[in-house]
Amino acid sequence: MNIAVCVKRIPKTAEADIFIEKDGSDIKKDHLVFYLNDWDGYAVREAALLKEKHGGEVTVITVGPEEAKEVLTRCLAMGADRALRIEEPPTQDSYLIAKILSRAIKNQAFDLLLLGVQAEDDNCGQVGVSLAQMLGLPHAAIVNHIEIEGDKAKVRRELEGGIEELTELKLPAVLTIQTGINEPKYVSLAALLEAEDKEIKDLGMEELGLTLSESVDTKIDQVFFPPVGKMAEILKGNPEEVVTQLTEIIKKKKG
Amino acid sequence: MKIDPKTFIQDYLLNICIQCGTCTGGCPVKFRSPLNMRRLVRQTYITNDPSPLFKSPELWACTTCSNCSLRCPAGVKNVELIMAIRNLLANQGEVPSTIRDALENTFLQGNPWGRFRDRRADWAKELGVKILGEAASETLLYVGCAPSYDPRVQNVSTALVKIFQKADLDFGILGKKESCCGNEIRRMGEQALFKKLTKDNTNLFKKSGIKRIITISPHCYNTFKNEYPDLTIPVQHYTQVIADLMETGKLKLSKALDLRTTYQDPCFLGKQNLVFDEPRKILTFIPGLEFVEMERSRQRSLCCEGGGGRMWAEGGTEGTRNGEIRVKEAVALGAKVMATACPFCLLTLEDAVKISGLTSEIVIKDISELVAEAIDENPITKFQAPNNHQ
Ligand code: SF4
Ligand code: SF4
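Read top to bottom, the protein sequences are chains A and B.
Under my numbering, the first residue of the first sequence is numbered 1278, with each subsequent residue one higher.
Under my numbering, the first residue of the second sequence is numbered 86, with each subsequent residue one higher.
Simulated from the structure, these hints should not be mistaken for laboratory data.
Even glycine gets a Cβ: it sits at the ideal position worked out from N, Cα and C.
Where hints are given, some of them may not hold.
Every beta carbon over 12 angstroms from chain B, so not counted as near; a handful from chain A, in silico [said to hold, decoys possible]:
(1) G1301
(2) H1308
(3) Y1312
(4) R1322
(5) G1332
(6) R1359
(7) M1411
(8) H1416
(9) E1460
(10) S1492
(11) T1495
(12) P1503
Part of the chain A face toward chain B, derived, beta carbon under 7 angstroms [to be verified]:
(13) P1288
(14) E1292
(15) A1293
(16) I1304
(17) K1306
(18) V1310
(19) Y1463
(20) S1465
Simulated pairs of lysine-lysine, DSS-like, Cα-Cα distance not exceeding 30 angstroms [unchecked claim]:
(21) B/K335 with A/K1328
(22) B/K91 with A/K1346
(23) A/K1289 with B/K262
(24) A/K1462 with B/K280
(25) A/K1513 with B/K439
(26) B/K281 with A/K1289
(27) A/K1305 with B/K140
(28) B/K140 with A/K1306
(29) B/K439 with A/K1305
(30) B/K292 with B/K337
(31) A/K1306 with B/K284
(32) A/K1528 with B/K439
(33) A/K1306 with B/K281
(34) A/K1306 with B/K262
(35) B/K91 with A/K1462
(36) B/K281 with A/K1478
(37) A/K1306 with B/K215
(38) A/K1289 with B/K261
(39) B/K140 with A/K1462
(40) B/K366 with A/K1289
Please take these sequences and the hints and turn them into a complete structure.
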């Protein structure tokens, strides 16, 4: 069973101070650390588990800058066998990323394509399903359990309100993986250093028959902080002062 | 994966064990988990393949307090054995998820909590502290992760700055360039990451042109002093520095603290590095303070369970925490304050006070906080000893 997993390198922003570039095109990233997108970590681990069970090979693919090789190395340390980096286009448009991936994957004998449900940075959640459409393959999104039986994949999908859906797909198929589907293993620094010796293939857009000026669906006009709402009031001072102010407000509201 | 036990036997001297059980007898988590050091040594010694043995979750209950290896009459390297097993597990990715996160966080952000690296020195912003690189000093105050980020322990960092400034001690911090010392990282089994941290930190220290290092945490002190192969700069724990400042008359305390106070010896400062006297000297130097010793003290001090990565572990132990036992011992002595000199002791003991419902009986303070308190009339915190007996 040969599996391809498409992954993304994302900046970690949860704890960070966020600043916006002067031209408003993006957030500033030079002070941020980058990592493998959380959802993709689960997808790679799932691929490694399926490989343990059913044999075959795991290929990881990313569209990104040279530095994105870091996350591919991590994936290799997690159990992937081959890695491919495709040069990134000037805009990170989901449609275009899916198109690039579809070109790279088309005509290759994969039984299963796994992607994270979405990426932590833009949260679009479009690449997986668009890729399935472009390749003409069946797909299931937000998958939290996979069982392979012959040429079929039986999967559980997470729906709203704690409901799950059981779906059967004919292979090859595309699945977008939800966090929590497994427990990702720790990747030690020793394992990372060892994986650094493994080969990572590089591919340009032209080699896939694409140009750097491919048409895109979306373009970012401006990045900005959400305007401060009128109802929000931020209390200032040390903890004691804040608590005093807060109790005053609550008392007043209580009437 | 089959593991050859031979290397374990050779490297940690398992063959010289006489099965006396002293290790297990002195283990602070023996009543809190199935961990049994004597049995572990024996089983690893006689088996052909210890891998099933190494899957036992209780291996993560060890606090690396080092009681076992310090007391072993034969000289078995018990704690090193635990760390080697954890190293094997970490390299296979088989670590509990919360430990995994702590290790990944350290790799990414330089601290096990995953707090943003650029915010590491935010606590010092208003304190007029030199940042090495922007200003020069021969003395580095190596802050450490908990004192940089944990709001409770930041109070200790602030107290120390205040004390050093009062004593006219010239010092600087590394600011956001500082990274985790790696003491806990090594004890959680990530030897390669530990090595990387030792290299990066040693280079950074050398480049900064410092001549001595003062640490806040005994854990940082321990690893800089004993485990950094190329670090030749002398390292001191802050209690040694303050004791010296007091003895040489550079630090004078004007305010009396009329408090009956006892002291918890942190394992990494006391039994592992034999710094027993300086903390006591400081406490007895504080005007008004009445120092009382708990029955189990110095080498026999009870581990608070905060070491060995336990700060990031979830579960794995059950029953009454050592911290609770310790706090009750202190209360029974009539102590109003239990002082300590370690961020982890501070946090675990403070939790224990809350859990045991003893907040009106006793408070946990770092020694530095008491000293800062005794310096002048403007305390950095509104410090109040519990006093419900009036
Ligand atoms: S204390 Fe030393 S000799 Fe005694 S049982 Fe433990 S390891 Fe063996
Ligand atoms: S280091 Fe401490 S906690 Fe760990 S086994 Fe030894 S005595 Fe027990």
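Hints, verified against the model:
no.: 1; hint: G1301; result: holds (22 angstroms)
no.: 2; hint: H1308; result: violated (6 angstroms)
no.: 3; hint: Y1312; result: violated (6 angstroms)
no.: 4; hint: R1322; result: violated (10 angstroms)
no.: 5; hint: G1332; result: holds (19 angstroms)
no.: 6; hint: R1359; result: holds (20 angstroms)
no.: 7; hint: M1411; result: holds (34 angstroms)
no.: 8; hint: H1416; result: holds (29 angstroms)
no.: 9; hint: E1460; result: violated (6 angstroms)
no.: 10; hint: S1492; result: holds (36 angstroms)
no.: 11; hint: T1495; result: holds (29 angstroms)
no.: 12; hint: P1503; result: holds (20 angstroms)
no.: 13; hint: P1288; result: violated (11 angstroms)
no.: 14; hint: E1292; result: holds (4 angstroms)
no.: 15; hint: A1293; result: holds (5 angstroms)
no.: 16; hint: I1304; result: violated (14 angstroms)
no.: 17; hint: K1306; result: violated (13 angstroms)
no.: 18; hint: V1310; result: holds (5 angstroms)
no.: 19; hint: Y1463; result: holds (4 angstroms)
no.: 20; hint: S1465; result: holds (5 angstroms)
no.: 21; hint: B/K335 with A/K1328; result: violated (67 angstroms)
no.: 22; hint: B/K91 with A/K1346; result: violated (38 angstroms)
no.: 23; hint: A/K1289 with B/K262; result: holds (18 angstroms)
no.: 24; hint: A/K1462 with B/K280; result: holds (21 angstroms)
no.: 25; hint: A/K1513 with B/K439; result: holds (28 angstroms)
no.: 26; hint: B/K281 with A/K1289; result: holds (22 angstroms)
no.: 27; hint: A/K1305 with B/K140; result: violated (44 angstroms)
no.: 28; hint: B/K140 with A/K1306; result: violated (41 angstroms)
no.: 29; hint: B/K439 with A/K1305; result: violated (43 angstroms)
no.: 30; hint: B/K292 with B/K337; result: violated (34 angstroms)
no.: 31; hint: A/K1306 with B/K284; result: holds (27 angstroms)
no.: 32; hint: A/K1528 with B/K439; result: holds (28 angstroms)
no.: 33; hint: A/K1306 with B/K281; result: holds (25 angstroms)
no.: 34; hint: A/K1306 with B/K262; result: holds (18 angstroms)
no.: 35; hint: B/K91 with A/K1462; result: holds (27 angstroms)
no.: 36; hint: B/K281 with A/K1478; result: holds (28 angstroms)
no.: 37; hint: A/K1306 with B/K215; result: holds (27 angstroms)
no.: 38; hint: A/K1289 with B/K261; result: holds (17 angstroms)
no.: 39; hint: B/K140 with A/K1462; result: holds (15 angstroms)
no.: 40; hint: B/K366 with A/K1289; result: violated (46 angstroms)
The structure fails hints 2, 3, 4, 9, 13, 16, 17, 21, 22, 27, 28, 29, 30 and 40 (numbered hints given earlier, in ascending order).
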